[in-house]
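Start from chain A and add chain E according to the hints.
Line by line, the protein sequences give chains A and E.
Just remember that my numbering sits 250 ahead of the position in the first sequence, which is counted from 1.
Just remember that my numbering sits 38 ahead of the position in the second sequence, which is counted from 1.
These are calculated hints, taken from the structure and not from any lab test.
Note that this is a predicted model, so its numbers are computed, not measured.
For every residue, glycine included, the Cβ atom is placed at its ideal position computed from N, Cα and C.
Keep in mind that the hints are not guaranteed to be accurate.
[Claimed, not checked] Here are the computed distance ranges between Cβ atoms for each label pair:
# : chain 1 : residue 1 : chain 2 : residue 2 : range
1 : A       : G550      : E       : Q510      : 39 to 45 Å
2 : E       : A185      : A       : T561      : 38 to 44 Å
3 : E       : T180      : A       : T962      : 37 to 43 Å
4 : E       : G260      : A       : R672      : 42 to 48 Å
5 : A       : V553      : E       : G260      : 45 to 51 Å
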Amino acid sequence: MAGEISKVCVIGAGVMGSGIAAQVANAGIKVLLLDILPKDGNNRNAVAEGAVARALKTDPAPFMSAAAAKLIECGNIEDDLARVAECDWIVEVVLERLDVKQALYHRLEAVRRPGTAISSNTSTIPLKVLLEGMPESFAHDFMITHFFNPPRYMRLMELVTGPATDQALAARVAAFCDVKLGKSVVACHDSPGFIANRLGVFWMTGAVTETPEIGLTIEEADAIMGSPFGVPKTGVFGLSDLVGLDLMPHVNASMAGALPKHDEFHAINRDIPVVRKLLETGYTGRKGRGGFYRINKTGGKRVKETIDFATGEFRLELKPNLPELAAAGKDVRKLLEAPGRVGTYAWNVMGRTLAYAAKLVPEAADDITSIDEAMRLGYNWKWGPFELIDKVGVDWFVSRLRAENIAVAPILEAAAGRTFYRVEGGKRQYLGLDGAYHNLTRPDGVLLLEDLKLAAKPVLKNGSAAVWDIGDGVLCFEFTSKSNSLDDQILALLQKAIALVKEKHKALVIYNEGSNFSVGANVGLALFAANIAAWSQVEALIATGQEMMQKLKYAPFPVVAAPSGMALGGGCEFLLHSDAVQAHSETYAGLVECGIGLLPGWGGCKEMLGRWATDPSMPRGPMPAPTKVFEMISTAKVGRSAADARDMLILRSGDGVTMNRYRLLADAKAKALSLVEGYKPPEAREIVLPGPSGKVAMDQAVAGFARLGQATKHDIVVGGELATVLTGGGTDIIDTVKETKILELERESFLRLLKTSATLARIEHMLETGKPLRN
Amino acid sequence: MQVYNAPLRDMRFVLHELHDSAAHMQAIDRTDVTQDLIDSILEEAAKFAQDILLPINASGDEEGCRYENGVVRTPKGFKDAYTRFCENGWSALASPAEFGGQELPEVLGKMVEEMQCSANLSFGLYPGLTHGAVLALLGHATEELKARYLPKMIEGTWSGTMNLTEAHCGTDLGLLRTKAVPQPDGSYKITGNKIFISAGEHDLTENIIHLVLARLPDAPKGIKGISLFLVPKFIPTDDGRPGQRNGVTCAGIEHKMGLKASATCQLVFEEATGWLVGEPNRGMHSMFTMMNAERLSVGIQGLGVTETAYQSAVAYAKDRLQGRSLAGTKYPDKAADPIIVHPDVRRTLMTVRAYVEGCRALSGWVAKALDLETKATDPALRQESEDFVALMTPVVKAMFTDLSFELSSMALQVYGGHGYIRDHGMEQLVRDARITMIYEGANGIQALDLVGRKLPAHMGRLMRGFFHPVQQFIEDNASDPNVLPLANAFGALQQATAHLAQAGMKDPEEAGAAATDYLRLLGLVALGYMWARTAKIAAEKLPAANGEAGFYKAKLTTAQFFNDRLLPQAGALWSAIKAGKASMMALEEAAF
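Chain A on its own, in the form it takes in the complex:
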């Protein structure tokens, strides 16, 4: 199809360039990655190749699989620039210098195919400046595509087009970034810093400047500017350390240079001696010796320290004790009104940031939704600025601004007596500059429970789960428990959901909009039950779980699981018992039970054995499949992407991957509907397992690891039980083993493990520290 983007050229292989290239490759699209010639050496592609090699070792990984890296072809701009003609989109990610960029543009203009989209990833240079002196043909195909670091994980992409830009071409690039690269594309005006950085830099600069002036410690500031506002726990100072303190002066200088003289940013952009001193002594953030926070390892222990604004020296991290903050709780307005330093800081930083955000409509974007989306996805704010203003109340906010002689932006005037968002007729609406409410529309192919919930009630519901009708005969099963942990209530509702679909619907999708699909069974409940020796309760939970998983698998209708984020333990077992999986590319699946001294008890062992036993790539005989599964489960392996899950056979060949989180449910629904016609439940498998001799081999392997110090005392016990299950217990090698037999072995081994104090200690340690106990 004409206009389809099937190959992309990325020029500039720095962290951002190689990250963008990796994400394009992650989508299965070929990439030509070019950079300059190396200073020395014979390999003229060394710079780009080095970047790919580094990216393969980077954590968090820019690549979703090693295979993706093979889609990148490296080159250099001296030998290979003409090859941009092979590509449908050219992304420029070179130095933030106008002369360098324009020199490249001129060279590109000579070799590119006309009509090929060209975009710059600049974060500071306006589009109109980039285009100065460029031919009209170039301007026609040119735009800014501003990605965030790291490009694989940050879901925001800001798109800036100019008056000359071909809108159809821009729409094609936007659609590509949305569907293929999984980005939420926000249209921005050609104003300095676009949206997210304009606002983010204002907010962070204010937060840092105000702290010493109000006399707060860094910990106190981070606590105030953290969870009450829906800002990630890292806080502003933690975030500064993460992005790099050394960037702050550059970014602020370029922002100050680009913004008009009357902009409020100039007033808060003040020199902070402590920051200067930190930079002079090599404290550039986490990539350097530390930043506002550092880990001091002198004296053998790892001690977290903080810079003290008053003394300019590091001291032990102090837990903040702010009664006013505690008193405000989750009430944002109460926090902004809090007495003393807490309220002053909250208002001076966030109050002014919100006022600043309000004037970015129409300066930086057409509407408030773009601003909110940019801050949610670019800075991981839970609520965008206008959502926050709704929380504190528009009228209260405006009157406070007036009282302090802060300019009130037109959009705030327009909102007087109202809210920025409202729900009308089951639709979310936002307030426009015209003073009218407009429906919030989603692109085609986006279906969200969040929207659905505004207009509908769940078909079924209890304390831990809900079932929604998503149309066309498909029901959606949603976990609603804390962290989507699985418990008896989820199983109970699943049973009802299965009956309901059977009765009057066509298919079931298992999906939710939490940050993780599910982190597994609620082991806290299991641990408590184990501690009070309520074995029959635990047994029932395992048996019911197995029964429900089997019902899901053999239901007379298609079941599609649609995970995003972590799908661990029992969460992974949901995937394994579905007919198909439509996974978000950022799915991290695995059977991790061994880490807490247990093993998969809801059929996870059974399903993995079945999959590997029938995988054509496996050698013949009863031993290879159990060995492979043993390797994965005993090490609690978790895939780091949907691609990894495919390698682990958690995803099968027919299963799909969705790059954009927003599109997951629609894709899963389509997948479910595609399976309805002529659907037959799977046949129960019987497999041949090696029996006791196979267990001996696995036990020996674990003993070997123990001798090398790689397996602990309890690893041997857990490994032994896992080996018993995976080799079929006392089965004879000439018999076939039924699913029910493996399930029985799972149950028995699970309970035996839960009765050991070492397993209970592991679970307790995991719950209390979030880290595995190696006992």
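Chain E only, in chain A's frame:
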């Protein structure tokens, strides 16, 4: 008359047969403490309690402590008894050898304590508080303080106290006001008023060592700003004699319902010299070492008093002739049958007996863990034992003392009107028992400690040391019909525990509303478990028991009575817990 003969046969049963003292001594590496040694110490302790302490119990109650010009005099005979107590080495029994103690295991120490409390609760308080203070100093004081004070306290020449309460704060110690100002020489000047200080002033010892909670000048508000100080009545000289009189004086003693021979003092600290024990602002932590030990001891106090009430009631029931047996005359030669023939008197006596023996068995289990938590050779066992002690401390404290008041009142009932007048000493036991429900943390607070702190800690880990052995025992004896009542009660306890864990997490008031019933439920099941194990041993030994057949038969019968008549309360308690807080909290305050 108060009747007390130390229940030595039962104590030996608990120590050797039920809790296997030989295996226990192995686990704490004290095989030198043989069964013979234990038995002979128990016999000596019994003699001391019966011959020295019991005779001054009623007279001490009658006379009470006297206060005059800052001086407190204990009743007649107390000073003499105390001197002999120390001379005979009872003061040093369970204290560490390093400072002159005999370092005998707690399993033995708790039995000796019980005897002292049976014979004379008021007396028992003086050495009991010293022992608690010794533990706190051992755990938290500097080596210098330990060397200076511990030997004298362990030999009993000096006694100890704990100073927490002030007029405006008891349970909520965060409010306390006593001040401690640092001095250039490293000591502190302590100023403030304390009330309800047991043994705060008396004439038994040459010096009194007060452990005092106070605030440093820059201390944070509330419970996290409290430090612990050692303040001696006389500042010791370098050669260990009581030296200069310190700025702590007794402003008066309380006039109480019972426990009259124990001096409950108001103490005034006026720039008294003191020394910091433990870290600044960590006073509650240091004090809890003392308080936990004391809480267990208060449970034992309750048990001790109940034993005497039981024995006295039995003696009276056998002696007092009233009415005829419902089954027909038993003693035609007498004017009437002794009242022990009557079912309701039997109900009373069996109830008291079943609880007393059950509690003694349970105290033996907890005392074992008390030894193991510090002395077990296996570190995992040390941790498990610490968990178990933490769990059972509020149960022993609250249940034993609630029962003590209930049961001594029941025992008094056997005497009829003669129980209510002073002559027989029964009303003294009821009055003495009453305080044990209140001090060292009122029983309502104990119940909150259990459900609010102990139950949820580490996702129920503390429960494991109790629930797992009981479950295992039930599984191992599934075919034994006598274990069925325990299985049922344990089932109710498991359900109540799971229910409370969830309901209490959602709404702390639900936990608070259930706390007292839950504590009793857990305690009742613990007694049921002790009785089930007791019955199993008794049944095994009976065929070859010869002269001891009567003892084992009585155990079997009492176990049966406990299963039939007392353990079924578990179901009622579970029903009450399940009902939740609604009707408890519904009434408007004004309607009260």
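Against the structure, the hints come out as follows:
Restraint check, G550(A) to Q510(E): a C-beta distance of roughly 43 Å satisfies the suggested window 39 to 45 Å. For the pair A185(E) and T561(A), the beta carbons lie near 41 Å from each other, so the given range of 38 to 44 Å is met. Checked against the hint of 37 to 43 Å, the C-beta distance between T180(E) and T962(A) comes to roughly 40 Å, which is consistent with it. About 45 Å separates the C-beta atoms of G260(E) and R672(A), a value consistent with the hinted range of 42 to 48 Å.
The hinted range of 45 to 51 Å is not satisfied by V553(A) and G260(E), whose Cβ atoms lie roughly 27 Å apart.
Violation of the numbered hints given earlier is confined to hint 5; every other hint is satisfied by the structure.
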